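Chain B: place on chain A using the hints.
Line by line, the protein sequences are chains A and B.
Start counting the first sequence at 1318; every next residue gets the next number (the numbering used here).
Start counting the second sequence at 14; every next residue gets the next number (the numbering used here).
Treat the hints loosely; a few may be bogus.
[What the hints assert, rightly or not] What follows is a list of derived Cβ distance ranges for each label pair:
1. B:THR19 to A:THR1323: 13 to 23 Å
2. B:GLU383 to A:GLU1325: 34 to 44 Å
3. B:GLU21 to A:THR1338: 20 to 30 Å
Because the hints were derived from the structure by calculation, they are not lab data.
Predicted model only: the values in this text are computed from it and were never measured.
We treat Cβ as the ideally placed atom computed from N, Cα and C, and that holds for glycine.
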Amino acid sequence: MNYDLTPEQLSIKDNFTKFCTREIEPRAGILDRATHAEAARLMKENIKTMAGIGYLGIGHEEAYGGMNLDLISQAIAGEAVAAACASTFLSCGASSGLFGMPLRLFGTEAQKEKYLPGIIKGELVGCFGLTEPEAGSDAASIRTTAVQKGDRWILNGTKTFITNAPIADVALIFAYNDKERGPAAGVTCFLIDRDTSGFSAGKPFDKMGFRGSPTAELILADCEVPKSAVLGVVGNGFIQAMQTLEYGRIGMATVCLGIAAKCLEHANKYSKERKAFGKPINRFQEIAFKLADMMILSDTARLLIYQAAWAKETNQPDSAVLASVAKVWASEAATQISSMAVQVHGGYGYIKEFPVERLYRDAKLGEIGEGTSEIQRVLIAKDLIHKYAA
Amino acid sequence: MEFGYTEEQVMFRDSVYKYAKKEIAPLVEEADLTGEFSLEVWRKLGEMGLLGLPFPEELGGAGASVVTCCLAGEALGHAGVDQGHLLALGAHTYLCTDTIFKHGTPAQLKKYIPRLASGEWIGCMGLTEPGAGSDAASLTTTAVKKGDKWILNGTKTFITNAPVCNVCVVYATVDKALKHNGITAFIVERDFPGFATGKPFHKTGVRASATAEVILDNCEVPEENLLGEIGRGFEYTHETLSWDRSSLLSPFIGGMQFAIEACTKYSQERVQFGKPLNAFQAIQHKLADLKMIKEAARMVVYRVAHDKDSGKPLDHMHTSIAKAIVGDWGVKAASDAVQVFGGYGYIHEYPIERFLRDAKLGQIGGGTSEIQRLIISRLLSYFS
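Only chain A is shown next, with the shape it has when bound in the complex:
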């Protein structure tokens, strides 16, 4: 048992915090208020900027230009990125994580060679298409189909809430190739380039938060791809998706932690400067104890994320459950903390000149994206029932 960060991890923390504070944080408010077209342009620049210090390759093999760092180091860097700009974390994560990780884990040599160097350099943007209008938590109920025709596959269906869809050069699309074999053996994942005929992205959604990270539908209308577009093995898609989401859960927990930590930083600073009844408001227990609660919840979230990252990295048997635990704790902590941060700021917390207003809107996604809190709790409970009720 050892809670200490290694010297390398400490320097990652320091370097990423400094870099993101300088390069990314000043753009977070601008991105939040930008038009869809501006946001798309600014976010592509941010992805390139982050690729410049290796962030997009942090979890990828050195052969493709990555840094191949452990998951705890990734969480440390991720927190710094998310604290500076949650939207940037999300778009980078969708490209190098949700798109990049399945490629690393299941892709053929040719597929990795084709896409990973571009993703890692920030020249290509990827996205992950699983969710559909009628299939969210219940991912096995997707309706997108893939039909083999000679040496081609024809895909039809609609994906929704796809992070990066408006700016992506390439997407992973999960479709049933054999509905009768069920999700475990009948779903296949395809790599689809932006300019493939029959493939298009919808109009960007107007979201409550994460407004800097473009989201849209992906539409597949007789979209035709070659056999070489199959990621790994036909029929393995659902398992690939579920394994990817385990990483995704740690990622979503991490972005929540970044939001929470930034909220605490702002609220702490503001409460020392703002005076009421003749003293700084942090001298009143109503405010001081909110700050303490923000610290208690966010610090515990950080430890749970490190534990989940360690468990996944070292293949502990309960790694999936620990990822769910970290995700629920961190996301619910972030919504509470951001709400407290707005409250500490009073009226100023409700206007866009103050970053906590954006952070409050951003925080809510954590309880929804990458598997809602409700689904995480069902997964955690099912594991307990499996272990102890027999």
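Then chain B, alone, in the frame of chain A:
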């Protein structure tokens, strides 16, 4: 950073769990119901070597690390041993014996540690007073030197183990005007003239731990029973904090695991509307919350243990977070567990009812949740 245990630690934890489940757990329900400390439970804890774990072998201990002490506490709670006896163990080992071990003279160590570590003697610690709880430095018990004796006068309250103790580490002031810097520690034996303990309190929870006042009425303490240096007692109370927030809290984590397993099993057996309770999401969500809270508590408590094992200075942020999580979230976990059991969770015949009563102490004893927030917010105010 890694969060695993060594093979030795896992073996030790499992052996404590097995032993406690078989030998101790069957005794505790009765003790909790009657509110009586069980000497049989105490003897069994001593036989397994659990009453002096962290002390050197030559003084009758096991030389265990703080993480190992936590694992023992966790295993005992997990096995179903009540928090009352485990609080008795904690106060004895970490608040009394460890303070003597840390600051005692060689003669004091030789006299007290082996007897305490074996459980032959029971120790307690007297800091809190009727008028000095959260504001501990405002204590009014006095110590006046008279020839080769110290004369102590005052009343201590809420003292765990007082009714059954053989020896008590008492904090008194040699000069109230010096505030913190007047507070001094003494080793007081039960049969010293002028030492008495009150009638045991009837408590909400942790009922099998015996709690009472300690009354010092011109209590005569020989010179050689001054513990450490004059005026440094308040400092010594802070040194026990890293034990207070690690090994002393660890049984609560074990208790949460006990509750998780009990609730999962019960909700499988109990059928309503034609299916097991745990097939309903409302119950599943409570099970999930229990697991989540247990993991959170484990992470914050073992961090304090790791800090201490690696010789770091006391980190008040870490200790206060640990106490607040175990205290506040522990009550929620226990309340959820009772809810899963429904009416059966409200009666003593089922093993969950006392969890809620015991958990409440976590928000009060050894520094309230409010004091933890005060400490955390003060530390935050120094952040830029």
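Right, here's what the structure says about each hint:
no., hint, verdict
1, B:THR19 to A:THR1323: 13 to 23 Å, "holds (20 Å)"
2, B:GLU383 to A:GLU1325: 34 to 44 Å, "holds (40 Å)"
3, B:GLU21 to A:THR1338: 20 to 30 Å, "violated (44 Å)"
The structure does not agree with numbered hint 3 stated previously, though it agrees with all others.
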